[in-house]
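*Asks:* Hey, can you work out the whole structure from these sequences and the hints?
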Amino acid sequence: MILYIFTILLLLIIAPLLIGMIKSLKMFLLYKKPVSIFQPYATFNKLLIKEVIISHESSIITRIAPLLVLSPLLIVLLFLPPVVHGAYYIGFVDAFTIIGLISLSTFFLMLLGLDSGNAFGGMGSSREAFIASLVEPAMVLTIFSVGLMAKDLGVGNASINLATHFPIEHASSFLFAGISFFILLLAENGRLPIDNPETHLELTMVHEAMILDISGLYLAIIEMAVSIKFIVFASLFVTLFMPYGVNLIAPLAILVFVAKLILVSVVVALIEVNGAKLRLFKVPNLLGISIVFAFLSLITFYVLGA
Amino acid sequence: MIDFFIGLFMASFLIVLFSGRLYRLIFWYAFNSLALGVITILVGVEHIDNALVISGGLTLILKAGVIPFVLKNISQRFNLIREINPTVPIHYSIILIPAIIIFTLYLAEPMSSMIGVNSNYIAISISSFFLALILMIEHKSVAPKIIAFLMMENALFLLGTTATKGMPMFVELGIFFDVMMAIVIINLLFKEEHVK
Amino acid sequence: MILLYLITPALIMFFISFSHHIYLRRILPITNLMVLIPTLYLFSLGKPYAIIGEYLVATNLNSYILLISSIVAIGVTLALITLNKHVKIDNRSYIKFYRFFALFWIGLILSIMSNNMGIYWIGLEMATLSTVYMIKTNKSKQASKEAWNYMIVGAIAISLILFGIILIYASAKPILGEEAMNFALLKEHIHEIKNPFLFELGFVIVSVGMFIKMGFFPMNLWLANIERASFYPVGALFSGILESAILIGFFQFSMIAMQIDKEATFSFVFIYLFLTISLVSFLIFRSKDFMRLFSLSGVEHMVLIILFWVSGGYFPALLHFGAHAFLKPALFLSTGVLESQGRYKIAGALKGYHGFEGKTFWFIVGFFILAIVSLPPSPMFFSEIYGFSAMITLAKETDSLLWMILAITILLLILSIIFYKFIEIYQSMKYEGEEVEKIVYKSELLAFLLFAVATIGLIMPQTITYLKAIHG
Numbered sequence: 001m002i003l004y005i006f007t008i009l010l011l012l013i014i015a016p017l018l019i020g021m022i023k024s025l026k027m028f029l030l031y032k033k034p035v036s037i038f039q040p041y042a043t044f045n046k047l048l049i050k051e052v053i054i055s056h057e058s059s060i061i062t063r064i065a066p067l068l069v070l071s072p073l074l075i076v077l078l079f080l081p082p083v084v085h086g087a088y089y090i091g092f093v094d095a096f097t098i099i100g101l102i103s104l105s106t107f108f109l110m111l112l113g114l115d116s117g118n119a120f121g122g123m124g125s126s127r128e129a130f131i132a133s134l135v136e137p138a139m140v141l142t143i144f145s146v147g148l149m150a151k152d153l154g155v156g157n158a159s160i161n162l163a164t165h166f167p168i169e170h171a172s173s174f175l176f177a178g179i180s181f182f183i184l185l186l187a188e189n190g191r192l193p194i195d196n197p198e199t200h201l202e203l204t205m206v207h208e209a210m211i212l213d214i215s216g217l218y219l220a221i222i223e224m225a226v227s228i229k230f231i232v233f234a235s236l237f238v239t240l241f242m243p244y245g246v247n248l249i250a251p252l253a254i255l256v257f258v259a260k261l262i263l264v265s266v267v268v269a270l271i272e273v274n275g276a277k278l279r280l281f282k283v284p285n286l287l288g289i290s291i292v293f294a295f296l297s298l299i300t301f302y303v304l305g306a
Numbered sequence: 307m308i309d310f311f312i313g314l315f316m317a318s319f320l321i322v323l324f325s326g327r328l329y330r331l332i333f334w335y336a337f338n339s340l341a342l343g344v345i346t347i348l349v350g351v352e353h354i355d356n357a358l359v360i361s362g363g364l365t366l367i368l369k370a371g372v373i374p375f376v377l378k379n380i381s382q383r384f385n386l387i388r389e390i391n392p393t394v395p396i397h398y399s400i401i402l403i404p405a406i407i408i409f410t411l412y413l414a415e416p417m418s419s420m421i422g423v424n425s426n427y428i429a430i431s432i433s434s435f436f437l438a439l440i441l442m443i444e445h446k447s448v449a450p451k452i453i454a455f456l457m458m459e460n461a462l463f464l465l466g467t468t469a470t471k472g473m474p475m476f477v478e479l480g481i482f483f484d485v486m487m488a489i490v491i492i493n494l495l496f497k498e499e500h501v502k
Numbered sequence: 503m504i505l506l507y508l509i510t511p512a513l514i515m516f517f518i519s520f521s522h523h524i525y526l527r528r529i530l531p532i533t534n535l536m537v538l539i540p541t542l543y544l545f546s547l548g549k550p551y552a553i554i555g556e557y558l559v560a561t562n563l564n565s566y567i568l569l570i571s572s573i574v575a576i577g578v579t580l581a582l583i584t585l586n587k588h589v590k591i592d593n594r595s596y597i598k599f600y601r602f603f604a605l606f607w608i609g610l611i612l613s614i615m616s617n618n619m620g621i622y623w624i625g626l627e628m629a630t631l632s633t634v635y636m637i638k639t640n641k642s643k644q645a646s647k648e649a650w651n652y653m654i655v656g657a658i659a660i661s662l663i664l665f666g667i668i669l670i671y672a673s674a675k676p677i678l679g680e681e682a683m684n685f686a687l688l689k690e691h692i693h694e695i696k697n698p699f700l701f702e703l704g705f706v707i708v709s710v711g712m713f714i715k716m717g718f719f720p721m722n723l724w725l726a727n728i729e730r731a732s733f734y735p736v737g738a739l740f741s742g743i744l745e746s747a748i749l750i751g752f753f754q755f756s757m758i759a760m761q762i763d764k765e766a767t768f769s770f771v772f773i774y775l776f777l778t779i780s781l782v783s784f785l786i787f788r789s790k791d792f793m794r795l796f797s798l799s800g801v802e803h804m805v806l807i808i809l810f811w812v813s814g815g816y817f818p819a820l821l822h823f824g825a826h827a828f829l830k831p832a833l834f835l836s837t838g839v840l841e842s843q844g845r846y847k848i849a850g851a852l853k854g855y856h857g858f859e860g861k862t863f864w865f866i867v868g869f870f871i872l873a874i875v876s877l878p879p880s881p882m883f884f885s886e887i888y889g890f891s892a893m894i895t896l897a898k899e900t901d902s903l904l905w906m907i908l909a910i911t912i913l914l915l916i917l918s919i920i921f922y923k924f925i926e927i928y929q930s931m932k933y934e935g936e937e938v939e940k941i942v943y944k945s946e947l948l949a950f951l952l953f954a955v956a957t958i959g960l961i962m963p964q965t966i967t968y969l970k971a972i973h974g
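As given, the protein sequences belong to chains Z, L and H, one line each in that order. In terms of this note's numbering, the numbers along the first sequence are unbroken and rise by one, the last being 306. In terms of this note's numbering, the numbers along the second sequence are unbroken and rise by one, the last being 502. In terms of this note's numbering, the numbers along the third sequence are unbroken and rise by one, the last being 974.
These are calculated hints, taken from the structure and not from any lab test. Among these hints, one or two may not hold up.
[As the list claims (entries may be wrong)] Interface residues of chain H toward chain L, partial, derived using beta-carbon atoms under 8 Å:
#1 Ile624
#2 Met628
#3 Trp650
#4 Ser661
#5 Ile668
#6 Ala672
#7 Lys675
#8 Asn697
#9 Leu703
Built from N, CA and C at the ideal position, the CB exists for glycine as well.
*Replies:* The structure is reproduced here in structure tokens:
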């Protein structure tokens with residue numbers, strides 16, 4: 001139980017760190033002077049003391065939505081698979097619940113965008129809805145396929161199964177599911193080929209458009225939600241698709257886990273440096289590839305047993 | 307371990323099918339050949355077959371190194387059009403390609419069950435053969451068709467490696483020779499067109 | 503050792519082609535003439551004669567086909583001397599044409615003499631790739647497009663053949679090991695293999711690849727278009743040599759397949775051929791230029807050869823094969839002269855020949871055109887009669903005699919359409935259109951005479967005895 005609580009706290013603490021790390025690594029690779037990797041903490045601090053301004057055209061939703069964006073993600077954090085063998089985890093939750101909770105959070109984010117006083121909010125919300133609806137089928141397929149390979153649909157049990165005896169004979173289906181999930185990770189977190197988190201250009205922004213009106217404490221909450229969402233996806237990815245090192249002793253296992261999270265962030269940063277943002281109407285193509293991979297993973301598993 | 311690389315092999319096929327840039331096609335061809343070479347070496351080590359290890363090494367050097375380099379060189383020298391959009395729109399191929407994969411996997415089933423060992427490898431190499439055919443069909447310009455031809459050759463090589471534990475050495479060397487000759491001919495053809 | 507002698511002329515041509523001397527084009531045909539010596543020497547050896555171990559083996563069948571191919575190659579090189587008189591070609595391209603012709607020739611010698619599927623495939627692929635460049639020697643835009651076309655479709659066909667070979671190899675490897683690629687050994691042990699289905703599947707895929715390469719259904723027009731776009735010797739090389747190599751491969755594979763399941767093999771091939779010939783006959787009826795006409799008629803004859811072969815008529819198939827291999831290149835080469843007034847001018851093409859050379863030319867071309875539609879003294883007449891009787895004999899063994907007679911009747915009807923078209927074209931060439939003076943060169947005439955003599959040689963009693971002794 002101690003380990004369980006410790007892991008959740010650790011995840012909460014390092015969540016902004018990963019975001020900061022991606023940003024500074026990207027700046028370093030682009031020959032800019034990198035910001036500190038602790039910048040998100042500083043921003044968070046700054047936002048806490050700032051005044052909250054709410055447009056008088058917006059309703060009560062703007063006040064409650066940021067909390068509702070954050071809270072499902074915090075609940076998801078509780079359901080994450082264990083990082084150390086033998087640690088406590090919540091086993092009765094299956095992957096679909098997690099997907100549902102994440103969607104709930106996205107839903108409130110979209111409501112927040114619609115409720116805002118400016119014209120960009122609605123645009124951002126509609127784009128977000130567009131992307132989220134495409135992410136959903138691929139996500140279900142991927143999770144289902146991994147669940148089949150791990151012989152359990154619950155993420156906790158699945159990751160334990162995978163860690164104890166990895167299905168090496170299903171490596172190719174596993175790889176396809178992994179590729180699919182990684183694309184979804186990029187899409188859901190608004191990373192580069194789908195959405196550029198650093199721009200406020202009205203033509204391209206998706207996530208930023210929805211939170212353009214938000215300020216102060218609410219913005220801090222949203223930023224926190226963003227970093228938590230990233231770490232939720234990253235830790236799902238590393239526990240399901242890189243289930244190594246879980247069987248080590250506790251401090252070492254946690255260290256390995258953090259190292260894997262950092263690896264994922266580095267890969268994301270590298271992709272962001274090397275790629276350009278896709279045009280909005282080309283996003284379905286990328287997500288389509290993800291669907292194809294998820295589907296392929298399922299059929300190679302079913303038809304070939306590979 | 308071989309399963310993992312077979313997965314990479316097929317994954318690069320799929321990415322190529324959705325790709326719209328020539329250099330990316332060449333890159334994924336190199337990646338595909340890399341996976342193929344590693345698979346060949348692994349199979350060779352598993353069956354203690356030196357011929358397979360040698361041809362795997364040759365694959366790594368020629369197909370993953372020399373040929374992509376030459377192709378890139380050709381495309382730079384002769385100013386090939388690098389934006390190559392598939393004629394089948396991607397949102398159709400999202401439906402089409404899984405359908406074809408399912409079809410070919412079931413098509414390959416009697417074959418792979420007959421060869422027995424590693425049935426899934428055979429099914430995957432046969433379905434990659436068909437995917438290469440689709441790649442050839444869905445592009446209009448010449449350069450992607452060449453890459454499709456080379457990838458088709460890769461798929462057949464994988465079939466030869468996995469279904470028969472490698473063909474006789476001289477046949478594999480002959481196939482390498484022919485692939486190199488194809489590259490020379492392609493180079494000459496582009497040169498002629500460029501001169502004109 | 504004999505292999506070295508066989509490929510020496512090609513190697514010499516290959517190396518000479520790197521020097522840009524203008525008089526070389528007279529040396530080249532003489533070089534190629536040298537190939538006849540080892541080829542004829544092969545006939546004096548006891549068969550089967552191992553050229554290189556089990557890999558290249560001379561048998562009665564492939565020595566015959568090699569002889570035919572070398573005669574065709576010599577004829578084509580003779581006609582090549584005056585290529586620049588009929589079409590626009592610079593010296594550089596001409597030399598390069600020779601360089602790739604040499605590669606083509608080496609590939610085909612390997613392919614024809616091989617007793618091994620792998621070597622067969624390697625030789626065929628080499629020949630295919632070198633043809634691409636030979637098509638490209640024509641600098642027109644059309645030729646460039648068709649060269650790529652040939653490259654791509656040829657690559658698909660050749661990949662299908664490799665695919666089939668791998669399946670066949672996989673089916674036989676458990677009992678024969680690495681020797682499973684050996685045609686002769688595979689034929690002996692075919693009844694021992696555990697998965698005949700796999701072999702049959704491989705055979706079907708190999709056949710489809712070969713059929714695509716020969717321009718069968720559904721790819722009827724692609725070869726015709728390519729031959730139209732390229733210089734006329736390419737068409738001659740295609741129909742005379744490349745397709746011989748493909749046919750000998752088909753002969754080898756089908757002999758093995760027929761041992762497993764004769765009826766299934768026959769039905770598959772027969773249906774395919776029937777579709778092809780019904781389509782081709784109407785395409786021939788609609789064709790408006792010599793190249794497409796001859797190319798499509800080549801497809802028709804290939805259909806007949808394969809049909810006779812799978813019906814068990816080995817002698818008629820080989821006779822027809824020989825006649826086709828001599829007549830078709832001769833006709834393709836004659837288009838160089840016939841089309842000197844323009845591509846689509848059939849009327850009057852046989853008029854306007856003066857002097858001894860001109861008169862001989864029109865006489866020989868007339869002979870070729872009437873021989874290709876199997877008018878009696880032509881070997882094709884005898885081969886067709888023997889071939890159809892072989893089909894009847896085959897049908898007698900089963901209970902489908904009536905069906906076979908019906909099929910042959912339809913086949914004859916289709917052939918009569920082709921016959922009608924050729925006669926019409928002959929008449930149009932001879933009696934219509936205005937008279938324009940045309941020039942025939944001595945070297946070309948020599949090539950035509952060679953082909954004519956060789957064709958007549960086919961119906962000599964000795965040849966017939968030799969052919970009848972070949973049992974697949």
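*Asks:* So, for every hint listed, does it hold in this structure?
*Replies:* Outcome of the hint check:
no.	hint	in the structure
1	Ile624	4 Å, holds
2	Met628	6 Å, holds
3	Trp650	5 Å, holds
4	Ser661	5 Å, holds
5	Ile668	5 Å, holds
6	Ala672	4 Å, holds
7	Lys675	5 Å, holds
8	Asn697	5 Å, holds
9	Leu703	7 Å, holds
When the structure is compared with the earlier hints, no violation turns up for any of them.
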